[in-house]
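2 protein chains.
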Amino acid sequence: MSNQPIQTPGPLDAAATELIQSLATQLRVDSIRCSTQAGSGHPTSSLSAAELMAVLLQRHLRYDWDHPAEATNDHLIFSKGHASPLLYSIYRAVGVVGEDELIHTYRQFGSRLEGHPTPLLPWVDVATGSLGQGLPDAVGVGLAGKYLDKLPFHTWVLCGDSEMAEGSMWEAMDKAAFYKLGNLTAMVDVNRLGQDGPTELQWDLDRYARRVEAFGAQALVIDGHDVKAIDDALTEARSNPAQPTVILAKTIKGKGVPEIENKNGWHGKALPQDMAERAVASLGGPTNVRITTAMPATGTPAITANAHADVVMPRWEKGEKVATRAAFGATVAALAARPEIVVLDGEVGNSTHAAEFKDVAPERYFEMYIAEQQLIAAAVGMSVRGYVAFAASFAAFLISRPFDFIRMAGVSEVDLRLVGTHAGVEIGQDGPSQMALEDIAAMRAIHTSTVLYPADAPATAQLVLGMADTKGITYLRATRGAYPVIYAPEEKFPVGGCKVHHSGPEDVITLIGAGVTLHECLAAASKLSDGGINARVIDLYSIKPVDGETLRQACRATGGRLVVAEDHYPQGGIGAAVLEALAGPDTPELHIKLLAVRGLPGSGTPSELLDAAGISARHITAAARELVKE
Amino acid sequence: MSNQPIQTPGPLDAAATELIQSLATQLRVDSIRCSTQAGSGHPTSSLSAAELMAVLLQRHLRYDWDHPAEATNDHLIFSKGHASPLLYSIYRAVGVVGEDELIHTYRQFGSRLEGHPTPLLPWVDVATGSLGQGLPDAVGVGLAGKYLDKLPFHTWVLCGDSEMAEGSMWEAMDKAAFYKLGNLTAMVDVNRLGQDGPTELQWDLDRYARRVEAFGAQALVIDGHDVKAIDDALTEARSNPAQPTVILAKTIKGKGVPEIENKNGWHGKALPQDMAERAVASLGGPTNVRITTAMPATGTPAITANAHADVVMPRWEKGEKVATRAAFGATVAALAARPEIVVLDGEVGNSTHAAEFKDVAPERYFEMYIAEQQLIAAAVGMSVRGYVAFAASFAAFLISRPFDFIRMAGVSEVDLRLVGTHAGVEIGQDGPSQMALEDIAAMRAIHTSTVLYPADAPATAQLVLGMADTKGITYLRATRGAYPVIYAPEEKFPVGGCKVHHSGPEDVITLIGAGVTLHECLAAASKLSDGGINARVIDLYSIKPVDGETLRQACRATGGRLVVAEDHYPQGGIGAAVLEALAGPDTPELHIKLLAVRGLPGSGTPSELLDAAGISARHITAAARELVKE
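If you're matching them up, the sequences are chains A and B in order.
Quick note: the first sequence, position 454, residue 454 per full-length UniProt numbering, numbers continuous.
Quick note: the second sequence, position 288, residue 288 per full-length UniProt numbering, numbers continuous.
A couple of the hints might just be wrong.
Note: identical chains are not told apart, hence a pair may lie in one copy or across any two.
In silico lysine-lysine, BS3-like type, Cα no more than 30 Å apart, as pairs [said to hold, decoys possible]:
(1) K180 with K263
(2) K318 with K492
(3) K321 with K269
(4) K321 with K499
Note that these hints are calculated values from the structure, not bench results.
Note that the structure is predicted; figures quoted are calculated from it, not measured.
All chains, please: the whole structure from these sequences, using the hints.
The structure is reproduced here in structure tokens:
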């Protein structure tokens, strides 16, 4: 918690104004220089926001550039990530990036000054460039600041006007207002022109303001090139403790370069060399103005992480019927003993069992209602602040609705824990709209992802425990129905491992399942055994990374005969994970049947649907018999 | 076009009111009966909207139930798809579903009365059940009605209050207002309770109204159980030609069953048998009231499809350098000769080249701005009205941002054409946020999907032409950069086929690529040939369905030696498609190297990034040499 009041900037006198103007000019000059040198980039989208950033940096941002991880630092997020020339020109002006690096490495291979910002740069919280994500992420940072850290840092977000058409921006606005994030200010650079012509609302600032106010934020409409107006707005924004602020700044795209000001056709184009030279010259040429950012207040977060806190794990007896989603709820509630653990719900906490966390740690349980994009973005923002965030919903909605947010979380290389319940046809009566049947394929292809799919309660508990300390994006797929506990409470489930059942020297086939199909595989092995066929069963609870070595061993030991059964579409799922693991310069001999859901399932009981999909014990048994016979 | 004025309903006298009330009561009774019989479902969410639907059906909806495909029919979409008991009770009341089917098959295996509605039922336009999608889809239907059909049908949407937290609802509202869809009315059943406790805004109807008005729609706040108020609002909604209307109806969840009215904990729960019996009895027991829906106006759509129109295809010469995205633009513009073709853009038409369609058919080009969820939903809605809609954007945003909408379009089994440009690391300087590297994995796992990835302009042109007549969801992945034309204009590219290059009896290895990596494979084959190694090259332009037979032949012919190179992450992409196709009871002998993008790429030139990712000709050559040596 902070023990120092927030300082306010001094008077905006003539000298201060002049400094800001020269700073804005330098940001323009550098934005032009670096993009023209690179031969690509978005200078015009940078020029429109130069005053906004110059005033913010010089007078309002509180940031220790030598210690970007300092908890009390303000946050600056470029939701319009394409304005990277402006962001990097700021970094030069505060002294953390050299002129040479800026001008000569921007967008070059190997440079950290990429086309759109990523956290390769220590001052960048989250990767942006997929529009409509920076503000939602900032809501997560703001939630952490207000409810977890309880520190007076402010989160400032530069937004584009085109991205206001993304629904995610309104999810963010809604949640920022609902949670009274007075520590959040969005500056919308309303430069009227998108990539391909005018934006939807162009310069109808009043319309924007009505929307912002209707969603519960304070709207301030200003001339985005008027230093005094910007300064007043930023002051007002920071002094409103109970409400987020949206500064709607009317600006001119390409401002400062008369040849292209407010002209269509100049989005995402570097100025040609001659035009750039003229523009830089008319702006007074390169300068070396330095921004002197205020230091943050001192203070420490109200929460201190404790990865060694005593977590009393839930226990179940073998044979007991427990849904893996229930095991998730019990485990995440136990994990509440660690103060850094946070849970976010998408209005289905009673179904996912995430709500069990709320019973023990309501102050770290965040209801995001039915807004899955914001659900993920909030978790991302909390992860930026070091919290261990679990986001849970039905798998069908948790993965597919915010898939671009998950993709960008991968680009940001933040740590996220996703728990998707009610996966596959196993959900039964609710029908195909509620069945995640593509989530494994989608999640496996995400950078940094881990994909887990436990079959019983102890496995779930161990994996959820492990998720808290796993880097990257960890996705755990959970089942709706209750199935027998098959593992002892002490059993370990390392990421990248698997469990082998019924292994013996007489095995002639390997059955591979995960989650609900592991139970079907075990039942099939039992039937096969009755018929004199010894089947090994692999519980592939870790789908990514996958235990290729054990798969290869089993493959060799059972004559290359494998049956894979999965409650997922046949493309890119567990079958593909097995094949990818086996494939290589010396792929073992392979006689394989891939049982998966084909076509569109309907409603029915779980067992009817598993059987209709061809992934029940009966089908696994038949597939195994055929392979053994051949 | 219509040649008959819209009728208005007669006076709402006492008899009419009484009929509606008895109808509403029957809808309640039947909703309770069918869900209790099924043992699951959402009766309380159905009870709250009984009057809304009774008034709509009896006095406002114009629908020929015997001819659901009639162009002039109104549309009724349950955005809150979980209120399926109410929808199916309506179907019983209009006489298209029998009492026995309703009560005894709801949610049963094999029944068309699924847990959430799908177009298995001829009166259902789109599958719903993933909240926040019905209204966006309806915007597409409304756009078709106003701008394409030019018919006076109205689209009515029943929305839940919880789903108003989804950003997609506001994308829909925004676009409905922007396109002045006076033919669209949303009825929001504000019953205050979500699945797990109160909704965010509960009964703050004024707050909803301010948001709706700020987004440009007419807001009407009413008591959702007051027949007269509903009737007035629906009359006003239909008579506003230039503005969509949102009726904000304050309702009571569970209305009509006092034991559970406005009580938390009753979402998604069937009433137990005894409670259901009491409720039904107190409501007067089962009845057989019939709704007499007005017939639609007569008329025909302003556009008549002509799949045989003369399409003058663009041509390119071999060796010419052309980007496949440019070939898409030229081809879709040529396809404008077919009056049913429509193009939707996400404010990047100048980059995707979709804008070339606008030049020739501006009246069938729809700018959806940066709102990819609504982009897909609008295409879905137009597909419902029989139009052949192409939606285009950057692949990273087109697939991942609206992935849940694509998933649900699969559940709806509508036809969609998606063109995602700027895929992979090949885009170069813009960096990883703009690189689709998971789109193939995600799209392959979608029900009904076809995935295409052409390497040159003629291939693109032929595939785009074919997409217009391909059922299901077709995704074409296009490249940013210009590459040499390698195929003759006459060459055919059937879906499910591939092209084999350099095939000969001395081939010792097969190189498999698609899109940009096909060029790398060809270059590698040339280098290998210089070194005395004969390599066959396969252009796998059709990734799903994939030509398994040709792959198996090549595998056998080249000693099982394969190199697959793809500009995509290694999971679930082209390599997985190849492995899935080869895998079977008799998987051929396989010595394979899967070259794909690993880790997080940065900025750079396309060739630098292809090389850094290990998928350039140099790497393919090296991988091939190693396999041949082993």
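Checked hints:
Taking CA atoms no more than 30 Å apart as the test, K180 paired with K263 passes between copies only; the shortest distance there is 27 Å, against 38 Å inside one copy. Taking identical chains as interchangeable, the C-alpha atoms of K318 and K492 lie at most 30 Å apart only when both belong to the same chain, with a minimum of 15 Å there against 60 Å between chains. Only between protomers do K321 and K269 lie at most 30 Å apart by alpha-carbon distance; the minimum there is 22 Å, versus 61 Å within a single protomer. When the C-alpha separation of K321 and K499 is checked against a cutoff of 30 Å, the pair qualifies only within one copy, where the shortest distance is 20 Å, while the shortest distance between copies is 53 Å.
The structure meets every hint from the earlier list without exception.
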